[in-house]
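Here are the chains, one letter per residue:
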Amino acid sequence: GAVVSQHPSRVICKSGTSVKIECRSLDFQATTMFWYRQFPKQSLMLMATSNEGSKATYEQGVEKDKFLINHASLTLSTLTVTSAHPEDSSFYICSAILSGAYEQYFGPGTRLTVT
Amino acid sequence: KNQVEQSPQSLIILEGKNCTLQCNYTVSPFSNLRWYKQDTGRGPVSLTIMTFSENTKSNGRYTATLDADTKQSSLHITASQLSDSASYICVVISNTNAGKSTFGDGTTLTVKP
Chain A
172 GAVVSQHPSR
182 VICKSGTSVK
192 IECRSLDFQA
202 TTMFWYRQFP
212 KQSLMLMATS
222 NEGSKATYEQ
232 GVEKDKFLIN
242 HASLTLSTLT
252 VTSAHPEDSS
262 FYICSAILSG
272 AYEQYFGPGT
282 RLTVT
Chain B
12 KNQVEQSPQS
22 LIILEGKNCT
32 LQCNYTVSPF
42 SNLRWYKQDT
52 GRGPVSLTIM
62 TFSENTKSNG
72 RYTATLDADT
82 KQSSLHITAS
92 QLSDSASYIC
102 VVISNTNAGK
112 STFGDGTTLT
122 VKP
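As you go down the protein sequences, you meet chains A and B in turn. Counting in the working numbering, the first sequence runs from 172 upward without gaps. Counting in the working numbering, the second sequence runs from 12 upward without gaps.
Keep in mind that the hints were calculated from the coordinates and are not lab data. The structure presented is a predicted model; accordingly, all values stated were derived computationally and were not measured. Check each hint, because a few of them may be wrong.
To be verified - To give an idea of the chain A side of the interface with chain B (calculated C-beta under 8 Å), a few residues:
(1) 179
(2) 198
(3) 214
(4) 215
(5) 257
(6) 275
(7) 277
(8) 280
Claimed, not checked - Within a straight-line C-alpha distance of at most 20 Å, the following computed DMTMM-like cross-link-like pairs (lysine to aspartate or glutamate) qualify:
(9) 212/A - 95/B
(10) 212/A - 50/B
(11) 111/B - 223/A
(12) 68/B - 230/A
(13) 82/B - 65/B
(14) 212/A - 274/A
(15) 111/B - 230/A
(16) 111/B - 274/A
(17) 123/B - 65/B
Said to hold, decoys possible - From chain A, some residues computed to sit far from chain B (all C-beta separations above 12 Å):
(18) 199
(19) 235
(20) 276
Beta carbons: idealized from backbone N, C-alpha and C, even for Gly.
All chains, please: the whole structure from these sequences, using the hints.
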């Protein structure tokens with residue numbers, strides 16, 4: 172099946188700094204990518220939907236100025252957590268879909284720890 | 012409000028035993044339903060995708076069923092293995108609302124030797 176990668180897999184940063192997470196579709200072109208956040212023992216919570224070449228659509232309650240999403244190409248979307256705080260510590264997962272397809276392929280996730 | 016409810020919340024079984032996980036949904040209009048397996052600290056991996064017309068679909072030891080009339084799905088795991096220990100997530104996709112996915116909270120399965 173299709174492969175989605177994320178980088179880095181783990182990151183520790185200090186409070187107030189910014190962190191960029193990359194999501195790549197390795198063997199297919201993804202017109203749409205999704206960003207999720209997952210807290211321990213909870214399900215995935217959709218943060219935003221990212222379409223190539225256009226602005227991301229954020230879910231209610233997600234601050235677009237804090238979680239910057241860029242989907243510059245059909246194989247790459249980035250999530251930048253700006254001015255990170257300890258409460259932003261979470262597991263961030265991206266997914267990508269082929270245009271017109273049902274299947275949603277998830278990345279392996281990025282564990283962010285803000286100290 | 013579109014919802015997906017999974018049961019049980021957690022389950023412990025012995026290796027080699029079978030188990031069935033349940034998913035009830037209210038998402039409408041319905042497009043498709045997916046079961047994912049998520050290992051701890053990893054992203055979800057697709058097990059099955061079921062469309063409206065499909066009642067049963069198998070993937071190795073995993074068999075998913077769908078009753079679109081009662082809006083229920085189940086995931087049956089046969090001859091469980093230790094590696095089956097994971098969270099199993101039911102996701103229902105709407106036919107409108109931009110194809111939005113609604114996630115269940117998952118069932119945490121622990122297989123013990």
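The hints, checked one at a time:
The restraint placing residue 179/A at the interface with chain B is violated, with a minimum CB-CB distance near 14 Å, outside the 8 Å limit. Annotation: residue 198/A was flagged as interfacial toward chain B, and the flag is violated, the nearest CB pair being 15 Å apart, outside 8 Å. Evaluation of the residue 214/A hint against chain B yields a held restraint, the C-beta minimum of about 5 Å falling below 8 Å. For residue 215/A, the shortest C-beta to C-beta distance to chain B is roughly 5 Å, which falls under 8 Å, so the interface hint holds.
The restraint placing residue 257/A at the interface with chain B is violated, with a minimum CB-CB distance near 19 Å, outside the 8 Å limit. With its C-beta approaching chain B no nearer than about 7 Å, residue 275/A sits inside the 8 Å limit, and its interface hint holds. Because the smallest distance between the Cβ of residue 277/A and any Cβ of chain B comes to about 4 Å, under 8 Å, the interface hint for this residue holds. A distance limit of 8 Å between C-beta atoms decides the matter here; for residue 280/A the minimum to chain B is near 5 Å, and the interface restraint holds.
Between the alpha carbons of residue 212/A and residue 95/B the distance comes to roughly 17 Å, so the proposed pair stays at or under 20 Å and holds. The hinted pair formed by residue 212/A and residue 50/B meets the criterion: a straight-line CA distance of about 12 Å does not exceed 20 Å. Between residue 111/B and residue 223/A the CA atoms are separated by roughly 17 Å; this keeps the pair inside 20 Å, and the hint holds. The suggested pairing of residue 68/B with residue 230/A is violated, with an alpha-carbon distance near 32 Å, which exceeds 20 Å.
Proximity of residue 82/B to residue 65/B is assessed by CA-CA distance (about 13 Å); at most 20 Å being required, the pair is judged to hold. A distance of roughly 24 Å separates the Cα atoms of residue 212/A and residue 274/A; the hinted pair therefore is violated under the 20 Å criterion. The suggested pairing of residue 111/B with residue 230/A holds, with an alpha-carbon distance near 11 Å, which does not exceed 20 Å. Only pairs whose Cα atoms come within 20 Å are accepted, and residue 111/B paired with residue 274/A is accepted, the gap being roughly 13 Å.
Simply put, residue 123/B and residue 65/B have alpha-carbon atoms about 32 Å apart, too far for the 20 Å limit, and the pair is violated. The non-interface label for residue 199/A is consistent with chain B: the shortest C-beta to C-beta separation is roughly 14 Å, beyond 12 Å. In this structure residue 235/A is separated from chain B by more than 12 Å, as the shortest Cβ-Cβ distance comes to about 17 Å. Against the 12 Å criterion, residue 276/A falls within the reach of chain B, whose nearest CB is about 8 Å from its own CB.
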